[in-house]
Amino acid sequence: MKYLLRTMLVLAVFLGMGFDCQGYWDEEPEYKSCKLTDFQLHHMNNEGKQSVEATSDGIKKEAYILRIDLITDSLISNYNYSFYKLEDGIIKLDINTINTFNQDYPAGADIRTCFTNYPGTVEQGIADYTQKGYTIDIMTGSKIYLALRTIPQVGLHSFKVTLTLASGKKIEKETTPIALY
Amino acid sequence: MRKIIILILFFLPAILQAQTERSERMIIDMTTGINVNLFEPKFGNASDCLLSTKTISPFIKGRFSYFFSSGWGAFVDFKLASATYSGKDYSNIIPNLYYNLGDDFNEKNSTILHDGSIGGTYRIENKNWSIRTRLGIGIGEMLAKNPNFTIKEKGNNNLYYIIYVAGDRYMEVDELPFLNPGISLSYKYDDILFNVDINYTQFIQKTSYTYVLTDAYTQKVIEKRKFAPKNLSGNLEIGLGVSFSF
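Residue numbers (this note's numbering), protein chains in the order written: chain Y, 225 to 405; chain W, 2 to 247.
Rather than coming from a laboratory, the hints here were simulated on the basis of the structure. One should not assume that every hint holds.
Below, a list of computed lysine-lysine pairs in the BS3-like style, where the Cα atoms sit at most 25 Å apart [stated by the list, open to error]: (1) Lys155(W) / Lys285(Y); (2) Lys221(W) / Lys285(Y); (3) Lys155(W) / Lys284(Y); (4) Lys356(Y) / Lys221(W).
Using the sequences and the hints, build the whole thing.
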C-alpha cells in the first residue's frame with residue numbers, strides 16, 4: 225500500500241507537467257456575393273489620435289487622409305464584412321489631382337503614389353491591394369484610408385478618384401475642394 | 002537582506018549541532034507551495050517595465066537526493082511554477098509627442114515556468130527530526146515580455162511601430178542560470194518525511210532586450226538598440242511537502 229501511494233504521488237506530479245493541448249478549427253468561410261454600386265470620398269483630418277472628418281477650416285497638409293467609402297448592394301453590418309465578396313472586384317485605384325499639387329505634380333497628374341494605405345487601426349478599414357497587383361474583392365472592410373505622404377503646396381486641393389473593376393467598368397468621383405495649409 | 006537569508010539557510014544546521022542516528026541513502030521530496038518573485042523594478046529604464054514584477058504564484062517541485070555519508074549528499078531537482086503576467090501601464094515608455102494607437106503585449110494569462118538544479122546537500126538528523134541544507138546551481142525560466150506599440154506622431158500622419166524583443170529574437174520565457182540555497186526541516190513518521198521547504202533562487206544573468214523602432218509605412222528600421230535591466234531577479238519559495246526515504 226505504501227509503495228502504491230508513493231508511485232501514485234510521483235506519477236501525479238510528473239504526469240501533470242507540461243500538458244499543453246492545442247487545437248484549432250479553421251474553416252474557409254462561405255462568401256456572400258455583393259456588387260459595388262458607388263463610393264464616397266471624405267477628407268479626413270489626422271492631426272489627433274484618430275482621424276476625423278475635416279471642417280471648412282481645412283487640414284494641415286501633413287495630416288491629410290483621403291477616405292474612400294465603398295458602397296455595395298448588400299447591407300453589410302460592421303462585423304461580417306469578410307463574408308462578403310465583390311462579384312466584380314476592384315483591380316485599380318487611380319487618384320489624379322485637379323489642381324496643381326506641388327512642383328512635381330501639375331494639375332491632372334497621377335498622384336496615387338503620393339498616398340499610402342494608412343497602417344493605423346481604423347474602423348471598417350480595408351487596404352488598397354491593387355498597387356501590388358491584387359484585386360479588392362473580399363470585403364474585410366468598406367473604407368479605404370489613404371494617408372498623404374508627399375507634402376502638397378499650400379492651397380485649395382481636390383482629387384479625382386477612379387475605380388476600375390475587373391469587368392473593365394470604371395467609376396469616377398471628385399472630392400470637394402479642401403484647403404491644405 | 003538576500004545575503005542574510007542565504008547565510009541563515011546554509012548555516013542553520015551547523016548552528017543547531019544536532020546528532021545523527023540512522024540515515025537513509027536516498028530521499029525523494031515532493032513539495033508544493035508559493036513562489037514569490039522578488040524582482041524589484043527600478044523605474045527610469047524601459048526594461049524595468051518589461052520584466053515580471055513582484056508576484057506570488059504556486060509551484061510544485063520534485064527532488065531526488067543521494068547521500069554518500071550520513072551527512073553529505075547530492076541532489077537534483079525539478080520545479081514547475083505557475084506564473085502570471087502582471088498587468089502594467091506601459092504608457093510611460095511612449096514619449097509625449099506621440100499617441101499610443103494600440104499595444105499588444107503578447108501575453109497569455111498565465112504560463113508554467115520550469116527550472117532544474119543540481120548541487121550539494123548536508124543533512125543533520127536528531128531522532129525523528131532532520132534538517133537538510135542545500136546549495137545548487139541550475140537553469141530556470143523567467144517570464145519575458147515582448148510588447149509592441151503602434152504610435153502616431155501628434156499633428157501629422159507619421160506612424161511607427163515600437164517592438165521590444167526579449168533577447169535577440171522573440172521569446173516568451175528566457176532561460177537563465179541561477180544559484181539556489183535552500184533548507185528543509187523534516188519530521189519523520191514511519192518511512193515518510195513531512196517537510197517545510199524554503200529555497201531562494203538568485204538568477205546570475207539578466208534578460209537583455211532589443212528595442213526596434215520601425216516606420217509603419219515603409220517597414221524601414223529607424224532605430225535598433227539593446228539594453229538590460231539594472232538588477233538581477235530572484236525567487237523565494239516556501240513550501241510544504243512529503244519525502245520518501247530508501
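Hint-by-hint comparison with the structure:
1. Lys155(W) / Lys285(Y): Distance ~13 Å between Lys155(W) and Lys285(Y) Cα, so the pair holds.
2. Lys221(W) / Lys285(Y): holds (23 Å)
3. Lys155(W) / Lys284(Y): holds (12 Å)
4. Lys356(Y) / Lys221(W): Given pair Lys356(Y), Lys221(W) holds - Cα atoms ~18 Å apart, limit 25 Å.
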